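Protein chains: 2
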Amino acid sequence: MRFDHVAQEVPDIAEAVAWQMRTVPGSTVLYQDSTWALVQSGGAKLAFVLPGQHPSHLAFRVGAAELERLAAEHGVEIATHRDATRSIYLQGPGSLATEIITYPDADAD
Amino acid sequence: MRFDHVAQEVPDIAEAVAWQMRTVPGSTVLYQDSTWALVQSGGAKLAFVLPGQHPSHLAFRVGAAELERLAAEHGVEIATHRDATRSIYLQGPGSLATEIITYPDADAD
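Each protein sequence line maps, in turn, to chains A and B. Just add 66 to the spot in the first sequence (first one is 1) and you have my numbering. Just add 66 to the spot in the second sequence (first one is 1) and you have my numbering.
What the hints contain is simulated information worked out from the structure, not anything from laboratory work. Keep in mind that the hints are not guaranteed to be accurate.
So, partial list: chain A residues that the calculated Cβ filter (under 8 Å) puts toward chain B [what the hints assert, rightly or not]:
hint: 1; residue: M67
hint: 2; residue: V72
hint: 3; residue: E75
hint: 4; residue: T89
hint: 5; residue: S107
hint: 6; residue: G109
hint: 7; residue: L124
hint: 8; residue: Y155
hint: 9; residue: L156
hint: 10; residue: T164
Note that the coordinates shown come from a computational prediction; the quantities given were computed from them, not determined experimentally. Yeah, the Cβ is synthetic: ideal placement off N, Cα and C, and Gly gets one too.
With the sequences and hints as input, model every part of the structure.
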């Protein structure tokens, strides 16, 4: 299980991306629309999401079979997202949920 | 500027560490006392702190000279922490502050 990204809720996606690009020089936008964005910043992937769409979270990447196993172990449903990733969310010890995610092209991880 | 760690406020440090170790197999404790902890988890460093001590944040590592420059640019004071790291906090676009941190042994980064 490998750390994949940190996501946080922000009121305005474009403003958040602009702030990140200005604050951490060399950041690059991997994806952006009006509802979410993914920025590579200092070697880490940071997601910005609108409130209510996803909880703020830490994501860890696994293979598809491992995601199935963990979903059963934790008794939660796997959700399929707009970008074809699949994941579960676990309530963590603080304000950041833990997402366990698998990518469409991931056979194992 | 390189991504260094994610910190989040939790009500109980020991419980948070136990949760992380259980949820992400292979996690290791880098530091732990009753007031904060640092866990290596899936290749990333996650800090757990008590409410009111530090804000939940994303930390980026720089050299000492760059920290001085950024503190002046942003007009904020550099704080020295218990572990001899020095940093500034900037209010980010969401609930996670951005910490710019330098380590005692970092001449440049």
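(message) Let's test the interface hint: is any C-beta of chain B closer than 8 Å to that of Y155/A?
(response) Violated - the Cβ of Y155/A stays beyond 8 Å from chain B, reaching only about 12 Å at its closest.
(message) Hint M67/A vs chain B: min CB-CB distance below 8 Å?
(response) 5 Å, holds
(request) Grab the minimum C-beta distance from V72/A to chain B and call the hint holds if it beats 8 Å, violated otherwise. (result) 6 Å, holds
(request) For the hint on T89/A, just tell me whether its beta-carbon gets within less than 8 Å of chain B. (result) With Cβ-Cβ at 6 Å, under 8 Å, it holds.
(request) Would you check whether L156/A satisfies its interface hint, that is, whether its CB is within less than 8 Å of any CB in chain B? (result) 6 Å, holds
(request) Tell me if E75/A is really an interface residue toward chain B, meaning its C-beta lies closer than 8 Å to one of theirs. (result) 6 Å, holds
(request) Let me know if the C-beta of G109/A comes in closer than 8 Å to any C-beta of chain B, holds or violated. (result) Since the shortest Cβ distance to chain B is 5 Å, the answer is holds.
(request) Please verify that hint: L124/A, Cβ, nearest Cβ of chain B, below 8 Å or not. (result) Cβ of L124/A sits 6 Å from chain B, so the hint holds.
(request) Double-check T164/A for me: the hint is only fine if its C-beta lies closer than 8 Å to a C-beta in chain B. (result) Where the cut-off is 8 Å and the nearest Cβ of chain B is about 6 Å from T164/A, the hint holds.
(message) Hint S107/A vs chain B: min CB-CB distance below 8 Å?
(response) 7 Å, holds
Violation of the numbered hints given earlier is confined to hint 8; every other hint is satisfied by the structure.
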